[in-house]
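Please build the complex by placing chains B and C on the supplied structure of chain A, with the hints as guidance.
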Amino acid sequence: MNANWSLSNLTERINMSSVFVEQLMWVAVGLIGVVTFISLLALVLVYAERKICAHIQCRLGPMRVGWHGILQTLADGIKLFLKEDIIPDEADRLLYFLAPFFCLVATLLSLLVIPLSPQVQIIDVNIGVIYLGAVSGFGILGVIMAGWGSNNKWSALGAMRAGAQMVSYEISTTLSLLVIVLFVGSLQLSEIVLSQQEGWWIWRAHGVGVLAFILLLISSVAELNRTPFDLAEGESELTAGFHTEYSGVRFSFFFLAEFINMFILAAMMSTFFLGGWMPFHIGQLTAFNAAMDLIPPAIWFIGKTSVMIFVFMWIRWTFPRLRVDQLMKLEWQVLMPLGFVNLFLAAIVVLTNFYFFA
Amino acid sequence: MLSIIQEPGLTYWLLLSTVLFSIGLYGFFTRTNAIGILISVELMLNAAAISFVSFNNFAVTGDLDGQIMTMFIIAVAAAEVVIGMAIFIQIFSKQRHLNVTKMNELSR
Amino acid sequence: MYNIETLFIYLLSIVSVLSAVLVVTQRRIIRSVSALMMVLLVTAGMYVILNAEFLTGVQVLVYIGGIVILIIFAIMLTGAGKTNDDEVDTHKKLLAFAVSFLFLLCSTYAIVNTPIKTVDTGANSSVRALGLKLLDYSGTGHVLAFEVISLLLLAVLIGAIVVARKTEEAKNA
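As you go down the protein sequences, you meet chains A, B and C in turn. All residue numbers for the first sequence refer to my numbering, where the first residue is 1 and numbers rise by one. All residue numbers for the second sequence refer to my numbering, where the first residue is 359 and numbers rise by one. All residue numbers for the third sequence refer to my numbering, where the first residue is 467 and numbers rise by one.
Bear in mind the hints are in silico, worked out from the structure with no lab data behind them. Accuracy of the hints is not assured; some may be wrong.
Stated by the list, open to error - Cβ-Cβ distance ranges computed for the label pairs, FRET-style:
| # | chain 1 | residue 1 | chain 2 | residue 2 | range |
| --- | --- | --- | --- | --- | --- |
| 1 | C | Asn469 | A | His55 | 53 to 61 Å |
| 2 | A | Val341 | C | Ala595 | 51 to 59 Å |
| 3 | C | Leu543 | B | Thr390 | 13 to 21 Å |
| 4 | C | Ala576 | A | Asn353 | 51 to 59 Å |
Said to hold, decoys possible - Distance condition first, Cα-Cα at most 25 Å in a straight line; then the derived BS3-like pairs of lysine-lysine:
| # | chain 1 | residue 1 | chain 2 | residue 2 |
| --- | --- | --- | --- | --- |
| 5 | C | Lys548 | B | Lys460 |
| 6 | A | Lys153 | B | Lys460 |
| 7 | C | Lys599 | C | Lys583 |
| 8 | A | Lys153 | C | Lys632 |
| 9 | B | Lys452 | C | Lys558 |
| 10 | B | Lys452 | C | Lys632 |
| 11 | C | Lys632 | A | Lys329 |
| 12 | C | Lys548 | C | Lys632 |
| 13 | C | Lys559 | C | Lys548 |
| 14 | A | Lys51 | A | Lys79 |
| 15 | C | Lys599 | B | Lys460 |
| 16 | C | Lys559 | B | Lys452 |
| 17 | B | Lys460 | C | Lys583 |
| 18 | C | Lys548 | A | Lys153 |
A quick note: this is a predicted structure, and the numbers were derived from the prediction, not measured. Here a beta-carbon is modelled for each residue, glycine too, at the ideal position from N, C-alpha and C.
For reference, chain A alone in the conformation it holds in the complex (with noise of 0.2 Å):
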């Protein structure tokens, strides 16, 4: 091989830093990692997804694939897959077609900040909680593309809902963040795991973080489309709402995406609220500590996460719909006015000291 064409000497030619090119092959790492990790959650997610709903339904779930119904996931997969890919009439086709990247590109840049442990994070921005609110923007610019492009009255008008309501809850989803924010005094994502090393923001900011903690989980909810908020594809009110015209791979997108932003939204809540990856100490108890310090961060992180998720289904399986009106009127008139009184004392404990472990 011509040694003209080595690496070093190309990179040389065009002046690029041998160091510039480790970080571009760490970040291509990065994402085949995060891509696999998103294909096994999925998996995961689903099937705990139909076991749960199951057995709080009282009945049993997918039992016939693979033991318990364990492959139920993957054959669900292959059906997707097999489908075949219907287009309508006149679509626009250049929405058409990007929408569902734009919903999962939206997840996909989310879970590069996620930090999973003290290790692995992938890109650790300054602005972190910036960075999750500006990415989530995109998936509300995918959910209307959907709708918009499929040429569909219903699925036009679900999408004029979704996004009405994904974009009113975000303001409740940020404020609740930024108590948090309040309280450490940095964006960024690490940073806000770190300082939580005494004690987890939720017991340590105590009205204020607890508050904070019920209008994210509320928020959380209503942003990921889920019932009770789920009136923008409720299955017996809109047909399917904005991915009504999608099938095969393009719908497993949207189908994917929802499930990952449930992890992510799970995730962001244990890392800010139950202490990310930090272990649960308990003041003085050193010997406690040393024994929870010996789990190691990652299972502690997916731990808090699982909990969360399992949260987010055991609502989904109980409550009933809520209609637009009063989903909206939950948000405008109830949720938003909370959340700018909880930032107001917040802002004053974090000046006169008044929290726990100062």
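Chains B and C only, in chain A's frame:
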């Protein structure tokens, strides 16, 4: 002239911002849909914001006035789009079109 | 002479200019808005190169995640996406092009011939410094503008609701 392109300094960024601004100006004169005019105005505001940030980066370092001005530009652009869209929706509910060349009477 | 940062700058500039041309020439409004979103995204990339990372987040969050979505909602609610834009006459287009080009020439002449003293160190763009500067009430701070902007946003919120609501005769009609 070539050195401006080969080593992008302040002049390159200002020229880029001016090109974007004049493209937005052309759109402002040419569009007949009211929303299209607003989109061109957004393009012009964005170009002005780029020039502020590039001045902040190259000429006035250590001080952050350019970035703060850009934040204000973004806030004012958002406010303007909100009011513009509210007005357009109200106009549309009466006239059923948004063609500015046909909107030359106060009432029908 | 060419390093990776310069390559990125060229790429972003070309994409932004092409998308801006698409914004002003596409007759279908939805295509125009999509091209506008591309321009705003590329601008966010430029802010990273210009050492303004916080503005990148704000640009994507507010401009793309707010303004573009609002414009798309307005397009969907006014049916502007169904009908194509009417074209203006060709001589008006030529006049507009001439005016814009003349503006471009004058500005270019002014920019190229004005010596501006530049410093080579980048901006200090920590979020903390931005926040302190924004709330600084000394002579060089911007707290007055901050308060005025919040009043403006409140006025816009109320005004938009008042302007866009259904009036009495529309409800009875």
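Against the earlier hints, flag every one the structure doesn't satisfy and list their numbers going up.
2, 6, 9, 15, 16, 17
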